[in-house]
Amino acid sequence: MSGFKSNNAVVNWVEDRLPVFSMLRHSAVEYPTPKNLNYWWNFGSLAAFTLVILIATGLFLAMNYTPNSALAFDSVERIMRDVNYGWLLRYLHSNGASMFFILVYIHIFRGLYYGSYKAPRELLWFIGIAIYLTMMATGFLGYVLPWGQMSFWGATVITNLFSAFPLIGDSIVTLLWGGFSVDNPTLNRFFALHFLLPFVILGLVALHVWALHSVKSNNPLGIEMNGPQDAIPFHPYYTVKDLFGIGVFLMIYMAFVFWAPNFFGEPDNYIPANPMLTPPHIVPEWYYLPFYAILRAFTVDLWFIPAKLLGVVAMFGAILILFALPWLDSSKVRSATFRPLYRQFFWLFVINAFVLGYCGAKPTTDFLVTVSQIATAYYFAHFLIVLPWLSRKEKTLPLPASISAPVVKAIAVGAMLLIGATGFSGTAQANTATHELLKPEGGFSWGGVFGRYDRAALKRGWQVYHEVCSNCHGVKLVAFRNLAAVGLTPEEIKAIAAEKEVLDGPNDEGAMFQRPARPADRILSPYANDKAAAAIHGGAVPPDLSLIVKARANGPNYVYSLLLGYPDAPPADVAIPEGKMYNTYFPGYAIGMPRQVFDDVVTYADGTKATQEQIAKDVVTFLNWAAEPELEARKSLGVKVMVFLALLTALLFALKRQIWKDVH
Amino acid sequence: MADTAKNAQPSAADGQTRRDFLLQAASTVGVVGTGIALWPFVHSMNPAADTLALSTTDVDLSAIKPGQAITVVWRGAPVFVRSRTAEEIASAQAVNLSELRDPQSDAIRVKNPQWLIVVGICTHLGCVPLGQKPTDPRGEWGGWFCPCHGSQYDTSGRIRKGPAPKNLAVPAYQFTSDTTVRIG
Numbered sequence: 001m002s003g004f005k006s007n008n009a010v011v012n013w014v015e016d017r018l019p020v021f022s023m024l025r026h027s028a029v030e031y032p033t034p035k036n037l038n039y040w041w042n043f044g045s046l047a048a049f050t051l052v053i054l055i056a057t058g059l060f061l062a063m064n065y066t067p068n069s070a071l072a073f074d075s076v077e078r079i080m081r082d083v084n085y086g087w088l089l090r091y092l093h094s095n096g097a098s099m100f101f102i103l104v105y106i107h108i109f110r111g112l113y114y115g116s117y118k119a120p121r122e123l124l125w126f127i128g129i130a131i132y133l134t135m136m137a138t139g140f141l142g143y144v145l146p147w148g149q150m151s152f153w154g155a156t157v158i159t160n161l162f163s164a165f166p167l168i169g170d171s172i173v174t175l176l177w178g179g180f181s182v183d184n185p186t187l188n189r190f191f192a193l194h195f196l197l198p199f200v201i202l203g204l205v206a207l208h209v210w211a212l213h214s215v216k217s218n219n220p221l222g223i224e225m226n227g228p229q230d231a232i233p234f235h236p237y238y239t240v241k242d243l244f245g246i247g248v249f250l251m252i253y254m255a256f257v258f259w260a261p262n263f264f265g266e267p268d269n270y271i272p273a274n275p276m277l278t279p280p281h282i283v284p285e286w287y288y289l290p291f292y293a294i295l296r297a298f299t300v301d302l303w304f305i306p307a308k309l310l311g312v313v314a315m316f317g318a319i320l321i322l323f324a325l326p327w328l329d330s331s332k333v334r335s336a337t338f339r340p341l342y343r344q345f346f347w348l349f350v351i352n353a354f355v356l357g358y359c360g361a362k363p364t365t366d367f368l369v370t371v372s373q374i375a376t377a378y379y380f381a382h383f384l385i386v387l388p389w390l391s392r393k394e395k396t397l398p399l400p401a402s403i404s405a406p407v408v409k410a411i412a413v414g415a416m417l418l419i420g421a422t423g424f425s426g427t428a429q430a431n432t433a434t435h436e437l438l439k440p441e442g443g444f445s446w447g448g449v450f451g452r453y454d455r456a457a458l459k460r461g462w463q464v465y466h467e468v469c470s471n472c473h474g475v476k477l478v479a480f481r482n483l484a485a486v487g488l489t490p491e492e493i494k495a496i497a498a499e500k501e502v503l504d505g506p507n508d509e510g511a512m513f514q515r516p517a518r519p520a521d522r523i524l525s526p527y528a529n530d531k532a533a534a535a536i537h538g539g540a541v542p543p544d545l546s547l548i549v550k551a552r553a554n555g556p557n558y559v560y561s562l563l564l565g566y567p568d569a570p571p572a573d574v575a576i577p578e579g580k581m582y583n584t585y586f587p588g589y590a591i592g593m594p595r596q597v598f599d600d601v602v603t604y605a606d607g608t609k610a611t612q613e614q615i616a617k618d619v620v621t622f623l624n625w626a627a628e629p630e631l632e633a634r635k636s637l638g639v640k641v642m643v644f645l646a647l648l649t650a651l652l653f654a655l656k657r658q659i660w661k662d663v664h
Numbered sequence: 001m002a003d004t005a006k007n008a009q010p011s012a013a014d015g016q017t018r019r020d021f022l023l024q025a026a027s028t029v030g031v032v033g034t035g036i037a038l039w040p041f042v043h044s045m046n047p048a049a050d051t052l053a054l055s056t057t058d059v060d061l062s063a064i065k066p067g068q069a070i071t072v073v074w075r076g077a078p079v080f081v082r083s084r085t086a087e088e089i090a091s092a093q094a095v096n097l098s099e100l101r102d103p104q105s106d107a108i109r110v111k112n113p114q115w116l117i118v119v120g121i122c123t124h125l126g127c128v129p130l131g132q133k134p135t136d137p138r139g140e141w142g143g144w145f146c147p148c149h150g151s152q153y154d155t156s157g158r159i160r161k162g163p164a165p166k167n168l169a170v171p172a173y174q175f176t177s178d179t180t181v182r183i184g
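Order-wise, the sequence lines are chains A and B. Numbering-wise, full-length UniProt numbering puts 474 at position 474 of the first sequence, and it's gapless, one number per residue. Numbering-wise, full-length UniProt numbering puts 184 at position 184 of the second sequence, and it's gapless, one number per residue.
If you are wondering where the hints come from, they were derived from the structure by calculation, not from laboratory data. A couple of the hints might just be wrong.
Partner residues are not named here, just some residues of chain A that face chain B (Cβ under 8 Å, in silico) [said to hold, decoys possible]:
#	residue
1	Met63
2	Tyr85
3	Ala479
These figures come from a predicted structure and were not determined experimentally. Ideal placement from N, C-alpha and C gives every residue a C-beta, glycine not left out.
Chain A extracted, bound-state conformation (with noise of 0.2 Å):
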């Protein structure tokens, strides 16, 4: 840090006082990095460019969301809705996450593989698990936050993980809740400890980075820099190298934020909490997956230890154990290229992880708990036994003399990300169709890259909830003036909105009164509560349907087969009680609601012929549009952003290229 003198005399004014460019050029220029790293090293710099992007956007969606139990879940539709690129902040923000651990995953399996958790490394390595420790409290704390199903069946489960504990235990989860079940103290507190811990990581982070660049970068080969010849400076080699990465990660990343961006969620978090009902099938955000897997490996009690406790101190020792590595793993050679049985063992480590996270998503049978057993003996056998056995009968092969010797061959980004993205995540999807669904001739209008909503289909599809639907349902996060999207004209809304009378007050008299509704009025349920409808249709409420399409697995599909799932003879085998329908897609066959959709039950102002297909296409286009409006808006602006990103990504390659053919 000695000597440094710039031309200008503001930094050297500064620097006299505060030596921050000496401590730049230090750490970010000079920095000598070892000149082998593969590609497989980008992933810590793209873990911490998404950490910033996480907290970013999670600024700005704090600024819009209330962490109260009565109004967080309107209140992120709100954010999707109405707050200028609410929805793009949203996406951005929760597929961020799935970002973050997918890469964090590929960083901790790169530094498995090639050793990097050795002397003089462990501290390193440490703080490393300490950072995985916070990312998972933190993205288990912020999916509670919008307060669906999920949200509070999850906080319900992973909470109660501490009941486990002896004596202790209950007095822990009444503690956690603030109450005695999850409610409003706990979203409260959740939404504070979320803000806090993205903060926490970011200090972790910069003790992770001294800690690197303390002890350097291990590399593809596992042996030290003999000397300037193994090194280059950080800048411009591995900046430009790290920044190409991120442009491929972006295009990544916001592949699933503008056309698959529930992808990682899950859609009962779209219905919203109900403390009385637990989803039939609920599963942790992906990331859990195989730690939840071990969790629920544990059946039987172990002398007078209980399942449930072995249970929990498994899933946190699974973690846990990762400290010992070091101790466990004491072969003296880093790198799995020279260890050539460790890398087999690797390998099926990675298999069975994948094997825990399949088993974690699905829901329990005999077969899964026991390949759950076997996956998790296996898990806890690869640290406690391969690892130890390996260190001493192992033949390595023998290390070259220096880095710069031999030739490492990157392997293609690409494909690395591919792995990570498409390994655990479509095995999070819960099934629930029992028959397969029907799908609308030619399907529907706003699939694919460029998918825009059919407008006259929008249309007619409002005019069949309109006649139809809303004697029933409501859709209460849709405003009348936002029917202007649907096509209708500011004078065409005022009028229908003003066939509705909404409660307002109270007056100068005090009293709540009736008015016509205004366009910035909601479309509500006909009843005035809950309450009131069950009365009505003996027990069952009829649904809002404002986000129905996005809150049921393959939503449009189910919506349009249960529309026009009415049997004219249903199955004699099956029992419907009395006052229900029998509807082959409903869960359970036995639905509240009458069949609604037949030939003709509108007539069409467009003069459409109104088959009973044709409106259950149509009413489908409204309801997707009501539960996504922001569904163009967010196709064509990805659009862009792909190019954008392209050209981006391009050059920094040829600029890598540029910068990197002088060396090897």
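Assemble the complex: chain A is given as a structure, and chain B must be docked to it using the hints.
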């Protein structure tokens, strides 16, 4: 640029030109993209669609007698609706505009001389002036008196004394009947 040139030991001047071009092109595209990417964050702080949609307030004037005033809420802020007496109207209209800091005739500040409708926020630093209740101080010109820093407004809501730079703002409004007005 100087830094990178020093470190890379270019093999040929040709490569150096190519590299400079790529560096400048990538930097430009990157900086422009980052700049554009900031806009959604900034714009998210602007009023949301539902906030913008709640921009009208209906006021029933039938119960307000001459000399009385009511305060209604419009876009989250107070609006003064005052039924002026004949003397108040006369004094507002008689002012010599050259005496005013923010010269405006009374005629352009009202649609119906009886009803003065102004945003009840002092143009100095945003306090709500006193003068709505009969017991409130109304200042030397019988309009409003701002307790924060002593600005005084006349019966047309014009600034007459004190630090405020502008007259009380007149919101957009229209009479929907003889006794109702819609603000916004």
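Could you work out which of the previously given hints the structure breaks and list their numbers from low to high? As far as the earlier hints go, not one is violated by this structure.
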